[in-house]
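Input sequences plus hints: build the corresponding full structure.
Note that the working numbering gives residue 225 to position 225 of the first sequence, counting from 1, and the numbers run on in steps of one.
None of these hints come from the bench; they were simulated from the model.
Misleading hints may appear alongside valid ones.
Said to hold, decoys possible - Simulated restraints on C-beta separations:
id, residue 1, residue 2, range
1, G298, K424, 22 to 28 Å
2, E326, E155, 56 to 62 Å
3, G165, E50, 35 to 41 Å
4, H385, S344, 31 to 37 Å
Built from N, CA and C at the ideal position, the CB exists for glycine as well.
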Amino acid sequence: MTSSPPRVRFAPSPTGYLHVGGARTALFNWLYARKTRGTFVLRIEDTDQERSTEEHTRIILDGLSWLGLNWDEGPLFQGESVTRHRNDALRLLGNNQAYRCFCTKEELEAQRKAAPKGSDTFKYDRRCDRLSDEEVSARLARGMPFAIRFRMPLEDIAWEDAVHGPIAFHGRDLDDLIILRSDQTPIYNLAVVSDDIAMRITHVIRGDDHISNTPKQIALYRALGAEPPVFAHVPMILGPDGKKLSKRHGATAVGDYQDLGILPAAMRNFLALLGWAPGGDREILTQEELIDLFSLDGIQGKPAVFDLTKLEWMNGQYLSLLPPGELIEPVARELERMGVGFPSRDDLLPYLEAVRARSRTILDVARQVAVRLDPARAELDEKGHNLIGKMGEGYAKSLRIAIETLAAIPEEQWDSERILVSLKERIAAEGMKLGDLLQPIRVALTGSTVSEPVNELVAVIGRETVLRKLIADS
RNA sequence: GGCCCCAUCGUCUAACGGUCAGGACACCACUCUUUCAAGGUGGUAAUACGGGUUCGAUUCCCGUUGGGGUCACCA
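What follows is the structure, given as structure tokens:
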């Protein structure tokens, strides 16, 4: 069997932002294409003129690029192919595989309402399919508008889904669907099939929510004389409450995570592991490993809950692997956005090195750098607050001792080694415990009980600034 | 409600009839560190339920329950 390389597509409609679910679908398509040396096509489904905007198209393209999901063909716009869609519909009409439906939207609505309120789903009763040729001609002569309706075959429709295995629908449950509106514009299910045939798509990897469209589309493929592709239906992504992920869960757009300071490589890794696993214990995988290990049958059949905490953990892993130099630019931009002044981009490096290991996102890094540049920005967190409460008088006393000790170090000798030595000597002389002197300094300088070693913290902030802040707090 | 999909720790998952049901996040302890994290070590924690099939079921079949999706001249 000679098989040509697969052709897959990602086909978002530009009616909203690029959501994580869509991003993951795109990622799976991309991984499959790269794995099989196939072609990844990007198609923008903009047939809904009302809701589609160029702004959304741009955001989707930017999101894909940010994730590193480059496409080989496109972006193609579905709207540019309406003539072909229409011709396909007309062809089915000519074949007698479709018929004119003169029912108006209102009439259909009424029929739906009148349908027995019971067990079954409403199905169109095919009244227009029973119209005599004379009646049809008469209505056409009167200029009555009509839609084109596909005559759904009676037989059951089944396929072998690449993630779910065999799926079957009963022919009796399938409705005659409209494929061309009365204004001659195509309906989604026709446009998709027409485009996928024209683009020679071999594997349709898309969301689970399309399962119920699939039997209709398979029927259309057959009616159009084309072989249906392989279908792979990827389960949905859920919020922490088990409901479909949506705006009320907070950040759902790819851009939101970009703003949070998530690195694209971490996002890609995390998304790949949501609903897919390479088998074994692998968690952190490079792009190459992802491509190498990817396969459709490793995709989970059940929906997955999006766990932001794990994403942040994973981002922290990527952050610590990144050469600090690569953090300069994104952090500098974030600082500028925050309105924090700094001497130059190169001067940021020592701060980044100090702070990086304790950060999970770029935003974390920037916030901590900002505090080191200007300790006046420090805000007490809960643990810091507790510490001050617990120490009572001792807090201010420790700060006074710290001030005396540090003030005695001349500017020329202000380095982390010297600071450590001075602090230790003083601690010994006072008979204090190490933490009793160091923790108050840390809290006063950062607002938090977590930071790099105190001597390094003090060194990086600088003599004058440290003393000023400690005096202000004591 | 009809139709379709699904069901392993709180979450993401491994296991393709025989494992003390493994890993990761989170959580807890311990450890390392002259101080914080990180790291290291250990721990708590799962096969929804009921029937089959089988010498043996997380795994195969049926049912129940639960969750998700979908039912437009939207995509």
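Results of checking the hints against the structure:
For G298 and K424, the hinted distance range of 22 to 28 Å is not satisfied, since their beta carbons lie about 55 Å from each other. Between E326 and E155 the beta carbons are some 58 Å apart, a value that agrees with the proposed interval 56 to 62 Å. Checked against the hint of 35 to 41 Å, the C-beta distance between G165 and E50 comes to roughly 38 Å, which is consistent with it. A beta carbon spacing of about 35 Å between H385 and S344 agrees with the range 31 to 37 Å that was offered as a hint.
Violated hints amount to a single one, hint 1; each of the other numbered hints is respected by the structure.
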